[in-house]
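K.L.:
Spelled out from the first residue to the last, the chains are:
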Amino acid sequence: MDQTVESEFLQNVAQRLGRNEPLRATPKRISLGAQGLTHSHLPESLSESYTEETDVAFNAAVFCLSLENVGGQAKVIARNEIPAILSDIVTRHQIHSVMQWKDALLEHLEIPSLLHDRGLDVYTWGEESVVSKTRIEKAQLGITSANYAIAETGSLVVIGNHDQGRSVSLLPSVHVAFVPLTRLYLRAQSVLQELQQQRMPASVNFITGPSRTSDIEMDSTIGVHGPKYVYVFLTDET
Amino acid sequence: MNPQFNARIKKAVVDKKLRRAVQVATDRLRIKKADAMTKIDMEEWRERGREIREHVVSHLDYYLAQLADNVRQRGGQVHFCMNANDAVQAIKNIVQTHHATKVIKSKSMVTEELQLNHALEQDGVDVVETDLGEYIIQLAGESPSHIIAPAIHKRREQIAELFSQVANQRIASDTPSLNDYAHQVLREKFIGADIGITGCNFAIAETGTICLFTNEGNGRMVTTLPDVHIAVMGMERVLPSLADLEVFMNVLPRSATGQQLTSYVSLVTGAREPEELDGSREFHLVILDNKRSHSLGDPDFQEVLHCIRCGACLNVCPVYRQIGGHAYGSVYSGPIGAVLTPLLRDDPEAADLPYASSLCGACYEACPVKIPLHDMLVKLRARNVERGHTAPAERFAFQLYKKTFTRAKNYRVAIRSLRTVQKWFMTNGEFHSSLPVLSAWTKTRSLQGMSSQTFRERFQKGLVIDQISTQISETAKRRGVDGSDS
Numbered sequence: 000m001d002q003t004v005e006s007e008f009l010q011n012v013a014q015r016l017g018r019n020e021p022l023r024a025t026p027k028r029i030s031l032g033a034q035g036l037t038h039s040h041l042p043e044s045l046s047e048s049y050t051e052e053t054d055v056a057f058n059a060a061v062f063c064l065s066l067e068n069v070g071g072q073a074k075v076i077a078r079n080e081i082p083a084i085l086s087d088i089v090t091r092h093q094i095h096s097v098m099q100w101k102d103a104l105l106e107h108l109e110i111p112s113l114l115h116d117r118g119l120d121v122y123t124w125g126e127e128s129v130v131s132k133t134r135i136e137k138a139q140l141g142i143t144s145a146n147y148a149i150a151e152t153g154s155l156v157v158i159g160n161h162d163q164g165r166s167v168s169l170l171p172s173v174h175v176a177f178v179p180l181t182r183l184y185l186r187a188q189s190v191l192q193e194l195q196q197q198r199m200p201a202s203v204n205f206i207t208g209p210s211r212t213s214d215i216e217m218d219s220t221i222g223v224h225g226p227k228y229v230y231v232f233l234t235d236e237t
Numbered sequence: 000m001n002p003q004f005n006a007r008i009k010k011a012v013v014d015k016k017l018r019r020a021v022q023v024a025t026d027r028l029r030i031k032k033a034d035a036m037t038k039i040d041m042e043e044w045r046e047r048g049r050e051i052r053e054h055v056v057s058h059l060d061y062y063l064a065q066l067a068d069n070v071r072q073r074g075g076q077v078h079f080c081m082n083a084n085d086a087v088q089a090i091k092n093i094v095q096t097h098h099a100t101k102v103i104k105s106k107s108m109v110t111e112e113l114q115l116n117h118a119l120e121q122d123g124v125d126v127v128e129t130d131l132g133e134y135i136i137q138l139a140g141e142s143p144s145h146i147i148a149p150a151i152h153k154r155r156e157q158i159a160e161l162f163s164q165v166a167n168q169r170i171a172s173d174t175p176s177l178n179d180y181a182h183q184v185l186r187e188k189f190i191g192a193d194i195g196i197t198g199c200n201f202a203i204a205e206t207g208t209i210c211l212f213t214n215e216g217n218g219r220m221v222t223t224l225p226d227v228h229i230a231v232m233g234m235e236r237v238l239p240s241l242a243d244l245e246v247f248m249n250v251l252p253r254s255a256t257g258q259q260l261t262s263y264v265s266l267v268t269g270a271r272e273p274e275e276l277d278g279s280r281e282f283h284l285v286i287l288d289n290k291r292s293h294s295l296g297d298p299d300f301q302e303v304l305h306c307i308r309c310g311a312c313l314n315v316c317p318v319y320r321q322i323g324g325h326a327y328g329s330v331y332s333g334p335i336g337a338v339l340t341p342l343l344r345d346d347p348e349a350a351d352l353p354y355a356s357s358l359c360g361a362c363y364e365a366c367p368v369k370i371p372l373h374d375m376l377v378k379l380r381a382r383n384v385e386r387g388h389t390a391p392a393e394r395f396a397f398q399l400y401k402k403t404f405t406r407a408k409n410y411r412v413a414i415r416s417l418r419t420v421q422k423w424f425m426t427n428g429e430f431h432s433s434l435p436v437l438s439a440w441t442k443t444r445s446l447q448g449m450s451s452q453t454f455r456e457r458f459q460k461g462l463v464i465d466q467i468s469t470q471i472s473e474t475a476k477r478r479g480v481d482g483s484d485s
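Protein chains in written order, with numbering that gives the first Met the number 0: chain V, 0 to 237; chain Z, 0 to 485.
Chain V on its own, in the form it takes in the complex:
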């Protein structure tokens, strides 16, 4: 990049704004982000049945409802339900090829071995040093955890790293995520604050339900490029 082009560009901006040279001191803010604003109303039916808004069970109920509203499915599960749940999804969507994160929680929940037991073709992200695009493209089911989840919108927040491939939650037509309740927050605000306190990861994705489009005569349909089906299972396990 030509340094002079850049300084001329910024010099022009500064002059137009009535300054002799580009501003170097951090400008003062009147308000920061959404500070002091009232967030969206939560479903009244839920607010009545839970006393504490910070209650984990309340957040979980809000999360499930929000995700269902946008066409996903979510449930709080006990560990012993997992084999039946996985089996059901594999049968329903006729899965034979799976891609998964290399993840401590998934291993703790014994998901890799459950998949192997069913005789599925399993690709674990991070186990091979080079990813072949044609290899990962085969997977019909992607299994991940999530770094955070947001109840208000029913969103998963996934961060890419060596073991957490960005593609796993994107390429397969079915996405299943197991998320510890400890990572569930009520609002996006808390997640953004956590992100601000660390070095920003190269890839952060907020995933809210299935991929969708209304580009053909405003007819809403799911799964044009990303997953058609999103299942989120919230668990006490960590």
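These are calculated hints, taken from the structure and not from any lab test.
Check the hints yourself; a few may be wrong.
As the list claims (entries may be wrong) - Below are the PhoX-like pairs computed for lysine-lysine, each with C-alpha atoms no more than 20 Å apart in a straight line:
#1 Z:K422 - Z:K10
#2 Z:K442 - Z:K9
#3 Z:K401 - Z:K422
#4 Z:K378 - V:K132
#5 V:K101 - V:K132
#6 V:K137 - Z:K188
#7 Z:K101 - V:K132
#8 Z:K378 - Z:K290
#9 V:K227 - V:K137
Unchecked claim - If you want the footprint, here are the derived chain Z segments under chain V, 3+ residues with CB under 8 Å:
#10 45-54
#11 129-140
#12 214-220
#13 223-236
#14 391-401
As the list claims (entries may be wrong) - Short, incomplete list of chain V residues facing chain Z, as computed with Cβ under 8 Å:
#15 R15
#16 G17
#17 P26
#18 L31
#19 A103
#20 L105
#21 H107
#22 P111
#23 T123
#24 K132
#25 S166
Don't be surprised by glycine CBs; every beta carbon is placed ideally from N, CA and C.
Starting from the known structure of chain V, arrange chain Z on it as the hints suggest.
P.N.:
Chain Z in isolation, oriented as in the chain V frame:
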């Protein structure tokens, strides 16, 4: 108004299918938006949105420098471009350096402004739009007719026809078939592409992060699968911090599609980390001025740079709803297009766009960052007058008007003589619809003649208000007012 613009409007207005499609689409977007608005106190969030945008734009030099530093700190390359040519050249250079032949794009209005696809295709590069709507109009060789729903003017049969031609086999016109076909074709393009080009909804100065709000997931594909990612942004698209992003996560999807949040919000900061196994290996950020800076420091128009490209003003605009996006003959249509285009493009055709408005102010009401678009439209019309862009007859008419209305004597003479002359051109108290000079108004609307007495004359005769209103209602009766005359 110039003949091309008039011709496009006429063509759009008689195209019943187009009008129907545009109205159905804009209605649906408006209803969904209204529903989403009930869940938050939108006024409060709008005001904060406005505050943040105002702060950024009035300190743009600081935030752009901060953004560029942070992008570079994360290994990204920044290209500041004064005009469209520079930006196209910068992108071409990246493509050539990588000997790239396959480029995939996710939806970006600013690359439409650059006419980037055309420029790359001339170099023999295969450029594919991957947003479903953009893909459709790329196949049709058209431009977007709506900021967020680019193909709303296309009917499913037309889309099936386009797909069938490419596929060399019959593709059914139901949504799932069309969807499945696009999925299949574009998936191959994603896997095989060398370079991914995206727009940028917001760039976070504090972290050097590009934010993309998408629903289809193509934005994620484009930033995940190819080795090189080029993000292109208008220079005003900056936010100070991640905390500010929260406001726009609440405001943008609600205003654009009526969603609480889009399916995906992707935050991309530089290229992949060294240990990562997917994501782009190289990241470029192209920052475009292209006359945006001309509005900076201009008290009348600086606020146009607050725009977050949600399209809400299009959905409520009575003019847009009648003529659709293409009639504007500009990348940006609707009220925002009518304001932005003449500011970015100094030509007579663009100068006409501010007249494509009824000045009803619905655009301002809908705007999530409270841009006074209707005021700007009036100011742009005034600017046309100052610059002498108006027709000689119009200038003459207004000079006459000025002379008449600034002197009481001239005024009285003019009124008296007009009252005498007008009788020859009127029936039932209205001007004939075919009068050459007035026909632009009279052929679709009624134009009443001047009253037989001026207010002063009535006042001198001692007529009181009641008698005057009786007279008025009698005139109305005589004309048979039932609304059918409009």
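K.L.:
Tell me, in ascending order, the numbers of any earlier hints that this structure violates.
P.N.:
1, 3, 4, 14, 19, 20, 21, 22 and 23
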